[in-house]
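A.B. asks: Given next are the chains, with one letter for each unit.
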Amino acid sequence: MARVTSLLVNGSSRRVDADSQSSLLSVLREQLDLTGTKYGCGEGQCGACTVLIDGAPHRSCLIPVAEAEGKPITTIEDLAKDGRLHPLQEAFLAEDAMQCAYCTSGMIMSAAGLLRTDSNPSENKIKDYLDGNICRCGAYPRIVAAVQRAAHMMKGGTR
Amino acid sequence: MSTNQIVPLSIEPERYEFREARAYVLELTRRDLFKFLGAGALVLCASPKTSALQESGRGQHRNDSMPKEIGAWLHIGEDGKVTVFTGKVEVGQNIRTSLTQAVAEELHAPVSQIELLMGDTLLVPFDMGTFGSRTTPTMNLQLRKVSAAACDLLKDIAAKTWNVESTHLVAAGGKISDPISKNSASYGELLRGRELAQLIPDQDPLLPATEWKVAGKPLAKVGGRDFVTGVHKYPSDQKRPGMLYGKIVRPSKSQATLISVETSAAEKMPGVVVVHDGEFIGVAAPSEELATRAAAAIKTEWKAELQPSSKNIFEYLRNNLDARDGSGSPSKEVPSVQTDGRGFQNSATYTVAYIAHTPLEPRAALAEWNGDKLTVWTGTQRPFDVREGLASAFRIPQESVHVLMPDTGSAYGGKHTGEAAIEAARLARAAKKPVKIVWTRKEEFTWAYFRPAGVIDIRAAVDANGQIEYWEFTNFNSGGSGLSTPYAAEVRRERFQPTKYPLRQGSYRGLAATANHFARESFMDELAHQAKLDPLEFRLKNLKDDRLRAVFGAAAKKFGWASAKKSPGRGFGIVGGVEKGGYVATCAEVAVDKSTGSVRVVRLVTAFECGAIVNPDGLRNQVEGANIMGLGGALFEAIEFEDGRILNAAFSKYRVPRFKDVPAIETVLIDRKDLPSAGAGETPIVGVAPAIGNAIFDATGVRFRSLPMAPNGLKLS
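Protein sequence lines correspond, in order, to chains A and B. The numbering used here applies: residue 28 is where the first sequence begins, and numbers increase by one. The numbering used here applies: residue 236 is where the second sequence begins, and numbers increase by one.
The set of hints was computed from the structure by calculation and includes no laboratory data. Using N, Cα and C, we set each Cβ at its ideal position, and we do this for glycine too. Worth double-checking, as some hints may not be accurate.
Which stretches of chain A does chain B cover? Using the computed rule of at least three CB atoms under 8 Å from a CB of chain B, they are [unchecked claim]: (1) 97 to 108; (2) 123 to 132; (3) 162 to 168.
Within a straight-line C-alpha distance of at most 30 Å, the following computed BS3-like cross-link-like pairs (lysine-lysine) qualify [unchecked claim]: (4) Lys-888/B - Lys-152/A; (5) Lys-182/A - Lys-895/B; (6) Lys-154/A - Lys-895/B.
When you get a sec, could you build the whole thing from the sequences and use the hints?
C.D. replies: Have a look at this one:
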């Protein structure tokens, strides 16, 4: 079977050795120790495994690694730059938008995808966009508030 | 159908209600701990149940051995770092934060200097587990006591060092200072070069809640940065050198026995280890993908009796009483009820379906053997119970087993057991390498345990003045929590009737209190309408408990109950209850489209009182989460099963609450600083289903007596 030997992850080319049909999620977690991306369901229903590919959010549990080969992949580990948190990360902390926080990486990565295409999403737009992300603890209202806060911050608003 | 032959599986429900703490077995000596933590001071707090410790009183233990029964301890190092040891675990309820606040408060040390070491069976005192909303009423108190004692010890040291009286010394910000002599020293400086150990009895004066400075105020999740950056390692993220990935070959259906197994194809796969031990069949391989393929290559045959299905579960429960239970079969006697000829009687039956916890992080464990010693990282609410289970499974002493519990991706009562730990350890022993197992979502939905289904019969008589004269309440199978009505009824008969049951069942957030409150508060609504009284007025007429009356009042005020006018397709409901020391009232507003049966919860208002509040923002987060989780069980969550197979073991087939389901949620917290703090993770869930049900009745005139009420929309005709 065809193998995938390198991935462009978080700005650098990383060596891997994976069956082309292996899920991107399993390669990120097992071979690159990028465990911030979580397994939640394996059927693209919960969003815990969300990463950005070419800047757009994707469910890494459903993507064969071969499909991501050569494309820039961003995981939660690369969202903060030089020790400075991404506005979404700061906003999630400020709104206490988590309980067990197992869904948090996926929520933040999905929201990052949203804010790239809409810098000022309405509450309904946020709910609509994130409806494929499950938080079993029910921190949903706080997550909506966090995304709104982050959008405000990214427009240069006060923190 | 031979359903009578079903043998109940081991039951987990509400097990803490009948389990007592056992004597603590400590492997570490005091010297070990100092070696591990460095010099400084070690302060230990006697377990509340231990009388023997009263004899030893304050002061150091003479010999090197640690006392046998301890609730909690903390260590302050020469660098001022405070390490707190507790057997409680963090599963998203944010007790790591609220307990840190308790320590900061009484020790007068900055939150940033305090670290909690939780659920590590080698290092922390024995603890039965984290459930039943017990952390705040018990562990919070113990840690406050041990911290207060540590602070006293530091003052004593400072007083001796400066040759002054300790009484006027001030502790603040991790320092002791003397306003008279102007001396000041940090905790670390005071402890330099010392190895002090102090045991305190279980009765120290504590700061009253009115004087709290750190506790009682919001504090963001401790270590939150590690969670938003993906750095925190959950149990399923753990890794060890040379680690393999495990997969278990599961039976074709529940309660099946193995007839035959063919493993040769899997054994031929390079790098794959196959284990067949009795009914345990599993594989370990260098990648999860290979392990999955190897497990799939194993051919098995199973046999099992025909089992009941979700379609006939309620009939099954009612017809299969567990005769071994002392309460026996229900009384046939019909009580004579006096209603003066002007009152009325009524009866109804309510049901609740099996539902799944389905925590977003599935069960996971990593096991590693070192000779006969076993180390396991796993997500569980009961690390010491998992240790005991591992010791017993592998016939090794408990002292040879070390269980570690990294902060875990939620549990909701669903992680009391340690299946994944035993599975990983069994494979690791055969493979002679560390093995990690992470259950798939399908396994989590199928082989974990469920919140029990149940049938509840209620009968009541109300007199002409709207007073409840007779109240009879029988719960079949779902459990006894929240069984007792808080309303005054002249004659009460309340009973939990265990039955045989087809699916593995156990604890769930709020336990049976959710089912029992659903039945009771819905039926109270039925009685109110029959009595032609406002549902709130009818409840208050029958309610003496001031704390419950207070939350009813607060919720009704916030919601605008008195002025809420229903309109076509809009309805309102109000309910209340007492559970685990907390008092809750919930109001719901729903919008129903009568032509399609679609229902939307528009607004939920909760008033909650749980004594003195430790972390108001953490508490709000819990109340909101409980409301949203409760909404799933109220409207659409139900496990569908047939003949030992789960039919909807996936998020695509089992609907949990999502963003678009979430109503406006408003929370009123009543802070009773004069009362001890009660736990709060569970109780706010109990009012959600009946409040929604009552609101649906208000909107449609149709009473829904089965949870979930709208699995495919409301059936209005």
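A.B. asks: Just pull the numbers of the violated hints for me, sorted ascending.
C.D. replies: none
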